[in-house]
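Asks: The chain contents come next:
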Amino acid sequence: MPPREGIYGLLAEFNTPSELVHATEMAHRAGFRRMECYTPYPVEEAAEALRFHKTRVPLICLIGGIMGLITGYGMEVWVNVWGYPLNIRAMPLFSWPAFVIPGYEWTILFAGLSAAFGMIALNGLPQLYHPLFNAPNFRDGATTDKFFLCLEAHDPRFSVTETRAFLEQFNPVSVVEVDH
Amino acid sequence: MATQRPPHDPETVHDPMIDPRTGEYAVIAPGHNFRSVTQKIAGIVLTGSTPWAWWGGFFFAATVAMGVVIGVTWLVLKGVGIWGVTIPGAWGFAIINFVWWIGIGHAGTLISAILLLFKQGWRNSINRFAEAMTIFAVCCAGMFPLLHIGRPWLGYWLFPYPNTMNVWPQFRSPLAWDVFAVSTYATISIVFWYIGMVPDFGTLRDRAKSPIAKYLYGLVALGWRGSTRHWIRYESASLLLAGLSTPLVLSVHTTISFDFAVAAMAGWHTTIFPPYFVAGAVYSGFAMVLTLAIPIRKFYHLEDLVTLRHLDNMSKVMLATGSIVAYGYGMEVFMSWYSASHWEFFMMWNRMFGPMGWAYWLLILTNIAIPLTTLWSRRLRVSPGYLFFLSFVVNIGMWFERFVIVVTSLYREYLPSSWGTYRATFWDYLLFIGTWGFFTVLFLLFARLAPMIPMSEIRMMLPQTKVRPGGQPADRVVEEAL
Numbered sequence: 001m002p003p004r005e006g007i008y009g010l011l012a013e014f015n016t017p018s019e020l021v022h023a024t025e026m027a028h029r030a031g032f033r034r035m036e037c038y039t040p041y042p043v044e045e046a047a048e049a050l051r052f053h054k055t056r057v058p059l060i061c062l063i064g065g066i067m068g069l070i071t072g073y074g075m076e077v078w079v080n081v082w083g084y085p086l087n088i089r090a091m092p093l094f095s096w097p098a099f100v101i102p103g104y105e106w107t108i109l110f111a112g113l114s115a116a117f118g119m120i121a122l123n124g125l126p127q128l129y130h131p132l133f134n135a136p137n138f139r140d141g142a143t144t145d146k147f148f149l150c151l152e153a154h155d156p157r158f159s160v161t162e163t164r165a166f167l168e169q170f171n172p173v174s175v176v177e178v179d180h
Numbered sequence: 181m182a183t184q185r186p187p188h189d190p191e192t193v194h195d196p197m198i199d200p201r202t203g204e205y206a207v208i209a210p211g212h213n214f215r216s217v218t219q220k221i222a223g224i225v226l227t228g229s230t231p232w233a234w235w236g237g238f239f240f241a242a243t244v245a246m247g248v249v250i251g252v253t254w255l256v257l258k259g260v261g262i263w264g265v266t267i268p269g270a271w272g273f274a275i276i277n278f279v280w281w282i283g284i285g286h287a288g289t290l291i292s293a294i295l296l297l298f299k300q301g302w303r304n305s306i307n308r309f310a311e312a313m314t315i316f317a318v319c320c321a322g323m324f325p326l327l328h329i330g331r332p333w334l335g336y337w338l339f340p341y342p343n344t345m346n347v348w349p350q351f352r353s354p355l356a357w358d359v360f361a362v363s364t365y366a367t368i369s370i371v372f373w374y375i376g377m378v379p380d381f382g383t384l385r386d387r388a389k390s391p392i393a394k395y396l397y398g399l400v401a402l403g404w405r406g407s408t409r410h411w412i413r414y415e416s417a418s419l420l421l422a423g424l425s426t427p428l429v430l431s432v433h434t435t436i437s438f439d440f441a442v443a444a445m446a447g448w449h450t451t452i453f454p455p456y457f458v459a460g461a462v463y464s465g466f467a468m469v470l471t472l473a474i475p476i477r478k479f480y481h482l483e484d485l486v487t488l489r490h491l492d493n494m495s496k497v498m499l500a501t502g503s504i505v506a507y508g509y510g511m512e513v514f515m516s517w518y519s520a521s522h523w524e525f526f527m528m529w530n531r532m533f534g535p536m537g538w539a540y541w542l543l544i545l546t547n548i549a550i551p552l553t554t555l556w557s558r559r560l561r562v563s564p565g566y567l568f569f570l571s572f573v574v575n576i577g578m579w580f581e582r583f584v585i586v587v588t589s590l591y592r593e594y595l596p597s598s599w600g601t602y603r604a605t606f607w608d609y610l611l612f613i614g615t616w617g618f619f620t621v622l623f624l625l626f627a628r629l630a631p632m633i634p635m636s637e638i639r640m641m642l643p644q645t646k647v648r649p650g651g652q653p654a655d656r657v658v659e660e661a662l
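These protein sequences, in sequence, are chains C and S. With the numbering used here, letter number 100 in the first sequence gets 100, and the count goes up by one each step, no holes. In the numbering used here, each residue's number is its place in the second sequence (first place is 1) plus 180.
A few of these clues could be false.
[To be verified] In silico contact screen, one side only, chain S against chain C (beta carbon under 8 Å); selected entries:
id : residue
1  : R352
2  : L355
3  : F360
4  : A366
5  : T367
6  : L396
7  : G398
8  : W411
9  : R413
10 : Y414
11 : L421
12 : A422
13 : R558
Since the hints were made in silico from the structure, they are not lab data. These numbers come from a predicted model, not from an experiment. Note that CB positions come from ideal geometry on N, CA and C, so glycine has one too.
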């Protein structure tokens with residue numbers, strides 16, 4: 001857990017995704033690891049530059065789907081065979097084809113909810129406060145038309161003066177110190 | 181996504197929708213940048229002054245929606261006897277309206293999920309309000325079976341839950357399948373819609389001026405800040421939800437068609453119902469998207485974002501699904517003859533030439549004759565006025581399709597001694613018309629309070645998104661060229 005006081009990081013603002021991706025790539029080559037890009041839409045090249053490839057969202061979704069299938073189908077079998085057996089026009093109690101549709105629906109229900117809430121949980125949301133919202137230019141740009149690279153202070157290579165000089169060489173619009 | 185044309189084709193040079201450098205047919209009118217599209221879409225929501233026409237529409241729709249309030253109140257006081265449902269026509273307006281509304285919803289899921297998987301970029305402009313349409317249509321649809329069960333306050337008995345009476349649902353019945361299909365569909369649609377709006381709520385939070393708007397949009401934005409790692413997980417979840425919604429939407433209308441197809445009733449007991457119901461649902465849903473999109477793009481001046489190309493593409497989808505529906509009608513007639521079943525043959529004869537034959541021919545006129553002859557013309561496919569008219573024609577036709585299926589099979593079934601007729605009552609009409617108002621009220625609230633067009637997805641379609649190696653700000657050249 002990083003200290004909750006002092007500087008959070010240095011935030012460089014760029015006008016175009018190309019400049020952002022270039023700066024991110026160079027920062028990674030220079031050895032920075034604790035960094036993040038902020039963009040108004042998904043920029044896959046920035047994720048490449050951050051070497052962020054794999055997410056666990058599909059795995060969570062798969063597990064949710066399997067759980068939904070077992071829960072839904074198992075519940076139907078239990079209800080119609082043991083819990084409340086009814087003779088409906090002499091059909092077998094375990095009418096497995098008739099149980100397919102609710103089982104299928106719950107597979108999708110559980111998988112979809114797992115994907116959505118799993119994504120929110122992995123992203124650490126809801127998180128209504130974040131130090132970056134303190135940066136004067138962040139909120140006007142990050143969700144509209146600007147591209148940000150934040151090198152975070154708890155990276156071992158971070159130093160306020162040297163890192164600022166490092167970021168300045170990519171011609172950003174601005175480099176701002178962000179407080180906690 | 182874009183039609184490839186040779187870049188120097190002389191006839192395309194003067195078309196402003198053709199990108200001169202690539203020869204691609206643009207989906208969004210040229211001249212926009214990230215900020216301009218954001219301001220355009222966010223401005224509709226964040227403006228302090230609500231247009232007077234919005235208020236006019238809202239009050240009109242709310243007045244019509246009073247039909248629901250009055251109709252449901254009287255129904256709860258008196259019981260379903262106030263409707264026209266009786267033996268033999270035990271499934272009247274309630275089921276017709278249920279199938280009609282839920283079918284309308286299906287186009288929203290088709291646009292948001294299936295077209296996303298097929299990488300149809302043009303869908304980005306229309307997917308948000310099509311999804312909203314889905315959810316509001318499902319709200320209207322869900323009302324009807326709930327009221328039709330007679331004691332709507334006991335509707336939770338449809339769900340499996342441990343209770344002191346020790347009774348459980350009977351899962352061999354398609355009506356129990358319906359409960360699962362429709363409730364899953366509503367839940368997943370709402371989740372997909374909300375997840376899609378989170379980044380846009382972030383934009384609204386950051387652009388809002390009033391503290392109340394900042395606070396409320398900040399809450400629903402969940403603290404979204406556009407982090408790249410978040411975006412990658414977000415894209416992954418969106419794709420998964422799209423992949424799950426695609427089989428879901430097909431299964432929902434399939435399940436609804438099973439309500440009919442599983443019954444041993446002439447005109448219902450047929451295997452063609454699932455695909456033909458799904459195609460009909462998409463057909464009427466796209467008509468409803470046109471009904472909503474054409475006035476909205478005009479009223480809010482969104483012609484740059486919802487272009488004629490969108491209308492053209494939607495008309496083509498309608499042409500395709502309408503043809504499947506026409507094939508379904510043809511095959512029903514063929515099977516009633518080919519089955520050599522006396523009952524099937526009589527059902528079809530009665531459907532065409534019986535006392536309610538007018539409904540069948542009206543359906544053929546509005547679903548087949550008018551749309552499937554005119555939609556071949558590109559001039560009509562890009563004419564908003566004609567499409568607006570046609571969207572009503574098709575939705576009337578699709579309502580009559582369900583009317584014909586439900587009523588003409590039931591009112592003259594196997595035993596002539598039990599023949600009767602079906603007459604809808606005032607309360608049937610009041611509730612049905614009331615749901616139009618209810619739907620419009622919800623849609624107007626959505627248009628006022630939430631971003632109707634997904635801003636983050638529109639940004640992805642602009643030429644400035646191209647990333648050039650080496651970090652050279654070559655994108656400025658693009659902006660100058662436009």
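Asks: It remains to establish, for every hint, whether it holds in the given structure.
Replies: Against the structure, the hints come out as follows:
1. The beta carbon of S/R352 comes within 4 Å of a beta carbon in chain C, closer than 8 Å, and the hint placing it at the interface holds.
2. With 8 Å as the threshold, the beta carbon of S/L355 stays out of range of chain C, its nearest partner Cβ sitting at about 11 Å, so the hint is violated.
3. With its C-beta approaching chain C no nearer than about 4 Å, S/F360 sits inside the 8 Å limit, and its interface hint holds.
4. The beta carbon of S/A366 comes no nearer than 10 Å to any beta carbon in chain C, farther than 8 Å, and the hint placing it at the interface is violated.
5. The interface hint given for S/T367 holds, since its Cβ lies 6 Å from the closest Cβ of chain C, which is under the 8 Å cut-off.
6. Nearest Cβ of chain C to the Cβ of S/L396: about 12 Å, over the 8 Å cut. The hint is violated.
7. Annotation: S/G398 was flagged as interfacial toward chain C, and the flag holds, the nearest CB pair being 6 Å apart, inside 8 Å.
8. For the restraint placing S/W411 at the interface with chain C, the shortest Cβ-Cβ distance is roughly 4 Å, inside the 8 Å limit, so the hint holds.
9. A distance limit of 8 Å between C-beta atoms decides the matter here; for S/R413 the minimum to chain C is near 5 Å, and the interface restraint holds.
10. A least Cβ separation of about 6 Å between S/Y414 and chain C falls short of the 8 Å threshold, and the interface hint therefore holds.
11. Nearest Cβ of chain C to the Cβ of S/L421: about 6 Å, under the 8 Å cut. The hint holds.
12. Taking 8 Å as the C-beta contact cut-off toward chain C, the hint placing S/A422 at the interface is violated, the least distance being around 10 Å.
13. With 8 Å as the threshold, the beta carbon of S/R558 stays out of range of chain C, its nearest partner Cβ sitting at about 32 Å, so the hint is violated.
Against the hints set out earlier in the document, violations occur for numbers 2, 4, 6, 12 and 13.
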